[in-house]
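Asker: Listed in order, the protein sequences are those of chains L and S. With the first letter of the first sequence counted as 1, position 28 gets the number 28 in my numbering; the numbers rise by one all the way through. With the first letter of the second sequence counted as 1, position 92 gets the number 92 in my numbering; the numbers rise by one all the way through.
Since the hints were derived computationally from the structure, they do not count as laboratory data. Be aware that one or more of the hints could be misleading.
[Unchecked claim] Straight-line Cα separation of at most 20 angstroms, SDA-like style, residue types lysine to any residue; simulated pairs: (1) K42(S) <-> A2(L); (2) K1(S) <-> V88(L); (3) K42(S) <-> N65(L); (4) K42(S) <-> P61(L); (5) K68(S) <-> D62(L); (6) K1(S) <-> N65(L); (7) K100(S) <-> D62(L); (8) K1(S) <-> A2(L); (9) K100(S) <-> A2(L); (10) K70(L) <-> K42(S); (11) K57(L) <-> K42(S); (12) K100(S) <-> F10(L); (13) K57(L) <-> E3(S); (14) K42(S) <-> D62(L); (15) K68(S) <-> N65(L); (16) K42(S) <-> T86(L).
[Said to hold, decoys possible] To list a few chain L residues with every Cβ distance to chain S over 12 angstroms, as calculated: (17) Q17; (18) Q37; (19) R44; (20) L45; (21) E52; (22) N99; (23) T100; (24) Q101; (25) R108; (26) L109; (27) L112.
Where a beta carbon is used, it is the ideal one built from N, C-alpha and C, also for glycine.
Below are the chains, spelled out letter by letter.
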Amino acid sequence: NAGVTQTPKFRVLKTGQSMTLLCAQDMNHEYMYWYRQDPGMGLRLIHYSVGEGTTAKGEVPDGYNVSRLKKQNFLLGLESAAPSQTSVYFCASSYSTGNTQYFGPGTRLTVL
Amino acid sequence: KQEVTQIPAALSVPEGENLVLNCSFTDSAIYNLQWFRQDPGKGLTSLLLIQSSQREQTSGRLNASLDKSSGRSTLYIAASQPGDSATYLCAVGSNFGNEKLTFGTGTRLTIIP
């Protein structure tokens, strides 16, 4: 039982490049989330999903897109990376609303 | 807009002491409150989840309390150990469920052997 896994762990991009972060969970959770964590700021919700095939915007969605084609996977895409997107990205999942969220180990992204 | 504050940003205490970490929030209409632990370079680990109807939750040496009317929560750690050293984050779930957790910036705790 791996819990929540994220791929890759580290990535360096140049401004304007694109990439996709993959999150996978094996707990059969309905809800999945993408957060970013920046120094001096709390974690901020980017996008979330309440079930397969659904997505919704969080607090800071601009510049990101997501997809939930399979229940166990939640993808976060950056179409044209900007230095302001340098951050640590965390994926999380939960069984339902109001339940504990389980976090992945994070992806450290640097945009030059 | 919900705002969550954790003061102090850092705390050092000798091993064996009991300690309290604080969390305050501006909007009392919350769904739940969670305490997480984050080790350097790692993800978050959930410690305790308190529903809005509850006053406290306990797990081992940890006890979390919730006072919605005053917008406060505390995390009490008994008999602290060096392994307790980490950053502790408080997160508040909105009144519509915890799709929208609002996080504090955390308290970095160091237990001195």
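Asker: Would the hint linking K1(S) and A2(L) be met if the CA-CA limit is 20 angstroms?
Answerer: violated, 35 angstroms
Asker: Q37(L): least C-beta distance to chain S exceeds 12 angstroms?
Answerer: Q37(L) not clear of chain S: closest Cβ-Cβ about 8 angstroms, inside 12 angstroms.
Asker: With d taken as the least Cβ-Cβ distance between L45(L) and chain S, does d exceed 12 angstroms?
Answerer: About 6 angstroms separates L45(L) from the closest Cβ of chain S, which leaves it inside 12 angstroms; violated.
Asker: For the pair we were handed, K68(S) and D62(L), check the Cα-Cα distance against 20 angstroms.
Answerer: Outside the cut-off at roughly 32 angstroms; violated.
Asker: For the pair supplied as a hint, K57(L) and E3(S), is the alpha-carbon distance within the 20 angstroms limit?
Answerer: Distance of about 19 angstroms is within 20 angstroms: holds.
Asker: Would you check the hint for K42(S) and D62(L), treating anything up to 20 angstroms between C-alpha atoms as holding?
Answerer: Distance of about 25 angstroms is beyond 20 angstroms: violated.
Asker: Regarding the assertion that T100(L) does not contact chain S, is the least Cβ-Cβ distance greater than 12 angstroms?
Answerer: violated, 5 angstroms
Asker: Since Q101(L) was said not to touch the interface, does its Cβ keep a gap of more than 12 angstroms from each Cβ of chain S?
Answerer: Q101(L) not clear of chain S: closest Cβ-Cβ about 7 angstroms, inside 12 angstroms.
Asker: Within 20 angstroms, alpha carbon to alpha carbon, are K42(S) and A2(L)?
Answerer: holds, 15 angstroms
Asker: Taking the shortest Cβ-to-Cβ distance between R44(L) and chain S, state whether it exceeds 12 angstroms.
Answerer: Violated: least Cβ distance 8 angstroms, not greater than 12 angstroms.
Asker: K100(S) and D62(L): Cα distance at most 20 angstroms?
Answerer: holds, 17 angstroms
Asker: Does K42(S) pair with T86(L) here, judged by a C-alpha cut-off of 20 angstroms?
Answerer: Distance of about 17 angstroms is within 20 angstroms: holds.
Violated hints, listed in ascending order, are 2, 3, 4, 5, 6, 8, 9, 10, 11, 12, 14, 15, 18, 19, 20, 22, 23, 24, 25; each of the other numbered hints is respected by the structure.
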